[in-house]
Amino acid sequence: MAIISLQSAASGMSALNTALDVIANNLANVNTAGFKASRANFQDLLYIERSQPGVRNANDDQRPTGLQVGLGVKVSGTEYDFTAGNPIKGNKLDIYIQGNGFLRVQVEDARSPSGTAYTRAGQLALNSDGELVLATDQGRRLADGITIDGDVEDIQIDSSGRVLIKRPGVAELEDGGQLTLANFVNPWGLSSLGENLFADTDASGPPIEGEAGTDSFGTILQGYYESSNVDPTTELINMIRVQRAFEMNSNTIRAADEVLRSVAQLRR
Amino acid sequence: MNYGYAIGASGVLAAMHRQDVAANNLANVTTTGFKMDLGATVPREAARVEDGLYNLPSNKLLERLGAGVLLAPTRTVFEQGPIETTGKPLDVAIRGDGFLAVGGAGAGGTQTVRYTRDGRMTLDPRGILVSVTDGSPVLDAQNNAIRLDPGQKIAIDGDGTIRQGGREVARLAFVDIADRTALRKAGANRFDVPAAALASSAPARGSIVQEAIEGSAVDPIRAMMAVQSAANAVSASLRMMSMHDELTGRAISQLGRIS
Numbered sequence: 001m002a003i004i005s006l007q008s009a010a011s012g013m014s015a016l017n018t019a020l021d022v023i024a025n026n027l028a029n030v031n032t033a034g035f036k037a038s039r040a041n042f043q044d045l046l047y048i049e050r051s052q053p054g055v056r057n058a059n060d061d062q063r064p065t066g067l068q069v070g071l072g073v074k075v076s077g078t079e080y081d082f083t084a085g086n087p088i089k090g091n092k093l094d095i096y097i098q099g100n101g102f103l104r105v106q107v108e109d110a111r112s113p114s115g116t117a118y119t120r121a122g123q124l125a126l127n128s129d130g131e132l133v134l135a136t137d138q139g140r141r142l143a144d145g146i147t148i149d150g151d152v153e154d155i156q157i158d159s160s161g162r163v164l165i166k167r168p169g170v171a172e173l174e175d176g177g178q179l180t181l182a183n184f185v186n187p188w189g190l191s192s193l194g195e196n197l198f199a200d201t202d203a204s205g206p207p208i209e210g211e212a213g214t215d216s217f218g219t220i221l222q223g224y225y226e227s228s229n230v231d232p233t234t235e236l237i238n239m240i241r242v243q244r245a246f247e248m249n250s251n252t253i254r255a256a257d258e259v260l261r262s263v264a265q266l267r268r
Numbered sequence: 001m002n003y004g005y006a007i008g009a010s011g012v013l014a015a016m017h018r019q020d021v022a023a024n025n026l027a028n029v030t031t032t033g034f035k036m037d038l039g040a041t042v043p044r045e046a047a048r049v050e051d052g053l054y055n056l057p058s059n060k061l062l063e064r065l066g067a068g069v070l071l072a073p074t075r076t077v078f079e080q081g082p083i084e085t086t087g088k089p090l091d092v093a094i095r096g097d098g099f100l101a102v103g104g105a106g107a108g109g110t111q112t113v114r115y116t117r118d119g120r121m122t123l124d125p126r127g128i129l130v131s132v133t134d135g136s137p138v139l140d141a142q143n144n145a146i147r148l149d150p151g152q153k154i155a156i157d158g159d160g161t162i163r164q165g166g167r168e169v170a171r172l173a174f175v176d177i178a179d180r181t182a183l184r185k186a187g188a189n190r191f192d193v194p195a196a197a198l199a200s201s202a203p204a205r206g207s208i209v210q211e212a213i214e215g216s217a218v219d220p221i222r223a224m225m226a227v228q229s230a231a232n233a234v235s236a237s238l239r240m241m242s243m244h245d246e247l248t249g250r251a252i253s254q255l256g257r258i259s
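One line per chain: the protein sequences are A and B, in this order.
Under the working numbering, the first residue of the first sequence carries the number 1, and numbering increases by one thereafter.
Under the working numbering, the first residue of the second sequence carries the number 1, and numbering increases by one thereafter.
Quick caveat, the hints were computed from the structure, so don't treat them as lab data.
Every residue gets a Cβ at the ideal spot worked out from N, C-alpha and C, and that includes glycine.
Any given hint might turn out to be false.
Claimed, not checked - Label-pair distances were calculated between CB atoms; the ranges are:
id, chain 1, residue 1, chain 2, residue 2, range
1, A, Leu266, B, Arg257, 22 to 32 Å
2, A, Leu27, B, Thr112, 34 to 44 Å
3, A, Arg244, B, Leu53, 47 to 57 Å
4, B, Thr112, A, Thr201, 53 to 63 Å
5, A, Ser192, B, Ala178, 41 to 51 Å
6, B, Arg147, A, Ser192, 25 to 35 Å
7, B, Arg95, A, Thr201, 28 to 38 Å
8, A, Ile48, B, Asp134, 11 to 21 Å
9, A, Ile88, B, Ala178, 50 to 60 Å
10, A, Ser159, B, Ala178, 52 to 62 Å
11, A, Ile48, B, Val49, 23 to 33 Å
12, B, Pro82, A, Val152, 52 to 62 Å
With the rest of the complex left out, here is chain A:
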């Protein structure tokens, strides 16, 4: 019987350990542009019935309630928090999506068979071929395939995601292409690929593509990027709570161990 309390405590410690891992990763990414915080969701495990409700007792009355003992806790999953981060003043080519939507990025990754990944981290740059890429060490191309070559004085991205190029000595802006955003029915079902990228899954549903500012898509703000949406205070409070809960479960193990030791010493 004390074995059950040992198991409950062990399940608690392992679940809380996972929660601590999630918090640690959130805190580590407190300055990562476009990062979305996760939380570990807990649920209680099944209950064993030591006696069923409704059983008749000696007086022929029905027992109104059963005798249930829980078997502990588990992490049912982690869930992203897709609330937007704050716009932070950045470089000329940084973009911030005000509202829903993800930028589409080309990837070669087995985890994303469609070859497209999605990100909110709009820190863009041009590579040596003049292609619009993410300003990460991988330099991934945007899926819209926008190339800006030649002599460029200025690049403007308007709120609908249209890229406009100012050539020196030319008054009119040249059309450089259109950024398309993607949205998902269930963004919480996206899977993370690292590098601030997400891949669509069966759970997220297929991407719904569209221009910024239309339908449910947000608008684009040039010159700003999205900060991490991790709130360090909340995370630290959660960390303290998880750590204390972990300690209490380790105390349960000690108490259950005490019980088992006493029982073992019964026969001298």
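Guided by the hints, dock chain B onto chain A, whose structure is given.
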């Protein structure tokens, strides 16, 4: 045989049961919408009462002889847990009385409705409102699944009415079950409600708070003390058993000695 053995053993088993229940409470100290269980015990009736003997002067000794302890049904304490704001539009907490309804697979492939205080929801690829724990649909007042438009802002009122774009699109089932003792925990933060108890259900008096969740209602200090006090009770009962053991040993070696 020495009766005290059996009494001591019943104390050990009952205390271990209490420890199991308290350990589960402590393991769920951070589980959303979790309600604390009480591992209750009842004294076993005295030998005379249990054997149905008459109240005779000669039975007085049996009257006074206790018979140890039995396990009583586990009771769940439906105390309000702390409301924690999360800022996620599809998280709801319940302040006061009330449960949300969640569909799920029951025994033999049937559909069953379970009740929960865990209001963490999300949308599945079809836009259906589901529980985050295992993707079971969260039901409306008519026990149907709810389909929402993912592109529009979702507002949930205090009575469970879901609004999108200013229009009422659905209403969460939000019921109170008067007979709380009939609720049985089914895992995944849910309760099974027998049909008889469901008949006593009424519209909930509590209110739904959007962008928040109800934390675990476990009081960690009480749960910790319950674990430790159960361990102490086991030690004490075991000590009684070894005393009886010693007594029996002495009876064998001294009383029964043939000199």
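Status of each hint after checking the structure:
no.	hint	in the structure
1	Leu266(A) - Arg257(B): 22 to 32 Å	holds (26 Å)
2	Leu27(A) - Thr112(B): 34 to 44 Å	holds (41 Å)
3	Arg244(A) - Leu53(B): 47 to 57 Å	holds (53 Å)
4	Thr112(B) - Thr201(A): 53 to 63 Å	violated (28 Å)
5	Ser192(A) - Ala178(B): 41 to 51 Å	holds (45 Å)
6	Arg147(B) - Ser192(A): 25 to 35 Å	holds (27 Å)
7	Arg95(B) - Thr201(A): 28 to 38 Å	holds (35 Å)
8	Ile48(A) - Asp134(B): 11 to 21 Å	holds (20 Å)
9	Ile88(A) - Ala178(B): 50 to 60 Å	holds (53 Å)
10	Ser159(A) - Ala178(B): 52 to 62 Å	holds (55 Å)
11	Ile48(A) - Val49(B): 23 to 33 Å	holds (30 Å)
12	Pro82(B) - Val152(A): 52 to 62 Å	holds (56 Å)
When the structure is compared with the earlier hints, a violation turns up for hint 4 alone.
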